[in-house]
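So the protein sequences, as listed, match chains P and L.
Start counting the first sequence at 263; every next residue gets the next number (this note's numbering).
Start counting the second sequence at 37; every next residue gets the next number (this note's numbering).
Derived from the structure by calculation, the hints contain no laboratory data.
Just to be clear, a hint being listed does not mean it is correct.
Covered by chain P, according to a simulated footprint, are these stretches of chain L (three or more residues, beta-carbon under 8 Å) [what the hints assert, rightly or not]: (1) 57-63; (2) 72-86; (3) 162-172.
Cβ pair distances, simulated, as ranges [what the hints assert, rightly or not]: (4) P:Asn-463 with L:Ile-208: 36 to 46 Å; (5) L:Ser-100 with P:Gly-915: 55 to 65 Å; (6) P:Glu-282 with L:Met-37: 22 to 32 Å; (7) P:Asn-439 with L:Ser-100: 39 to 49 Å; (8) P:Glu-895 with L:Glu-185: 45 to 55 Å; (9) P:Asn-439 with L:His-133: 55 to 65 Å.
We treat Cβ as the ideally placed atom computed from N, Cα and C, and that holds for glycine.
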Amino acid sequence: MATKEELLKAKIPCAETGIEIRHSLCDICSPTSHCGVNCYVKDGVIIKVEGDENHPLNQGLLCTKGASNRQYVYREDRIKTPLKRTGPRGSGQYEPITWDEALDTIAKKLQGYKAQYGAQSVFFFGGYTKWFRPILQRLAYSFGTPNYGTESSSCFTSGLMAWKVAAATPSRPDMKNSRLFLGWAHNPYYTGYLSARSTENLKKKGVKFIIVDTMYTQTAEKIADLFLQPRPGTDGALALAIANELIENGWVDHDFISKYVHGFEEYAAYCRGFNRTNVEALTGVPYEKVQQAARMIHDYGHPMSIKESSAPLAHHINGMQNYRAIMSLAIITGNYDVKGGQIPVEFTYTHQASGYHTLEHEFVKEARVFNMPAPVGAQRFPLWNELEHEAQAMDLSRQILEGTPYPLKALVCFGINNRMFPDSKRMLKALETVDFYVDMDLFMTDCAKYADIVLPACTSFEREEFKSYPGGWAYYTKPVIQPLYESRPDADVMCELARRMDLDDTLLKSGYRACLEYILSPISLSVQTLQDADTPLRVPEFKPHEPLATLRRGLKTPTGKLELKSELIAGHPEWGLDALPTYREPLDNIDPAEYPMTLTSGGRLPFALHSRLHDVPWLRTLRPKACVELNPEDAQALGILEQDTVEISTPLGSITAAALLSRHIQKGLVSLYHGYREADISSLISADRLDPYSGFPACRSNRCRVSKKG
Amino acid sequence: MKKMILDFDSSKCCACGACAIACMDQNDYDPKTGSAPFRTIFETEHADGRPVFTHYSVACMHCSPAPCINACPVGCLRKDPETDLTVYDNTNCIGCHSCAMACPFGAPSFNSAGKMEKCNGCYLRLQYGLTPACVRVCPTGALRMVTEEEYEAAHGSGSIIPEARAIAKDQI
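Given only the sequences and the hints, what does the whole structure look like? Please build it.
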């Protein structure tokens, strides 16, 4: 028999050890995951985590990032109390203050700016993850400012806008019912392990896969029946060339097009410009591969679905148009609103389509004040402003520094990181300049060190929260442990600020839970029932997708059809945007002789998520140094060996990182993950190379120079 | 309990490292001590017309017979009679590294006190009806814990064990 000491060491949950298993969710990465977690708890402390086997999403599994939750939660640099700045901005000199002092100070300051400069001078920013989004947006609106902005200014929204332009509604691939999957930027081994498993299962069942990626990924290696490797940001030209091949061979669905599609003739005429004479020069993909892709779509693509992605295709100056061009392939082949195709969805909560309706939209909208001034970014990104009811935060640093069209005086941030903004130094300068800056965060980041008041947030394990999952699931968690130190849930602080400013918003002032009771009122499960269950429940109101119902009802686009040519854009010539999914070169005009290579940032790693895991020691053992990945042939030509210190330069500056030679990387490409303190790639990326359609930054296509250092 | 085999299929692995992190969590690994973690992951690559990658997750292979057991002069290492996993009690470890010299896989690690530690196959978790931390987490199913019968029934396909056994045999 094992001794009690041995059982404790092995962390066996049983009466003898007193180790209990409690359930929560991991909110380290994207809200499309948020896997169920079993926390092993002993004396109020988490001593181990593993996947929750009863959770409908992850069924017991976790990824590399999720497995590190314990060290993430107990990171030494957690902010412990509210803090007031005592030294210069950035110095990190603070003194602890009480919550009362912190909240009263913030409330008073914000009301002061509102009185003196108007409510629009206050900007509310929401970082990752999205769990508090509707609460923050309502707080901003109830306060009276249009300036609610989020990290979705550089993630996810570009693709959403592409679909809003085409169909006025977001869309999801019905992958499990497809015969062919077009995996454009699809490498779930590094981004979403659950999708890797389902991808493998579908492959075994005979589903065909076209994988398109700038990198030769594990998915390209293990899954692809056909692999296309374009240069970064040339996806649009490639998609238009595939479309042209489909059209010329008569492999499009004319019946579907005549019933449901607008603008086909003009689109087809435009596609003719992308053909055998130029596609390889434009994209690097040989024309035979384009033909093979079109042939596969013809042979197997009924039905075909296409990977929806948030960042990889969007982070170019032509990102949204490229995305439109890719998704047009589903439209012209009749793979929209059909089983196994691209299906229109309604978001249930925080951008998750779970197949049931909540009042999230109403909850936010009803607090919206009419005749508010335009939010940050509205003038520069008119299409964004037309489609999204939030600020385009990529214009935030400019507006703070230039004070036009109106001055911004205060920033209240729930997680902000300058390294998530292009030209991270300019963002810091803006934070140094703004009158009043509050940051609520888990960790004392370099960016938090500029705040006047810093507030300690807690993790998902220390709070209760609502989360919806695909397939009609709803989860309302219980805290697994008490909030560490004096930390609090972000949403509680938002509601408390509403109280202290005595905003005219009874619901918001009654707290997060009451807000969720209202938002979830259309479903027959109460918040209490959901929470008592301690596991996700299936919502009885769940409605599965009904093929062609949306198209038959008519879309909410100007023509009521799927628009290859956007009449919304065509109706606004003053925007200077194209109604068709046109293509332009992703790289800029700086001297290719001086900057011969292409720098890409943000390509995922299995053990990193933006900057938030770089300081988790376990994960750093898997890659201790910030590494720049280079093709071995390029490295040889440059005299660079594995682990050499390498300098990467753009016109904005230089950084150094350790060389990692890898055939995952195509020749001419240089890849460096973002968010590293010691190798901040965002400092090399211009804040003004933005996609004019979406406002997204060009993180993944910048000319650069690489050289061996020393 | 039946004789258990901690098996690995490199064709299913993508070297994501979830197993390595779960192992660190299970065993309270502290990188600051400078000791080696019990499980490591890596990827090898070569070009054969196109790039070819192989992914590995490696820890103690729980060899049977195990060269480390014979090598230890103070008898720290032994086979768990229930599971046949290679387990240890390092109370008497003198830090001589003989086990590490004998091990063809680099499995033994040495803690800040100089004493040997390594993967014990989570044998107590097995006895309590749980699977090892690395197997539990593995998102691609590359790691699994099987009984000897299950292993034999699979004829060693998709298994690293035949190769590992051949290497260990040479060592003994």
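Which earlier hints can't be squared with this structure? none
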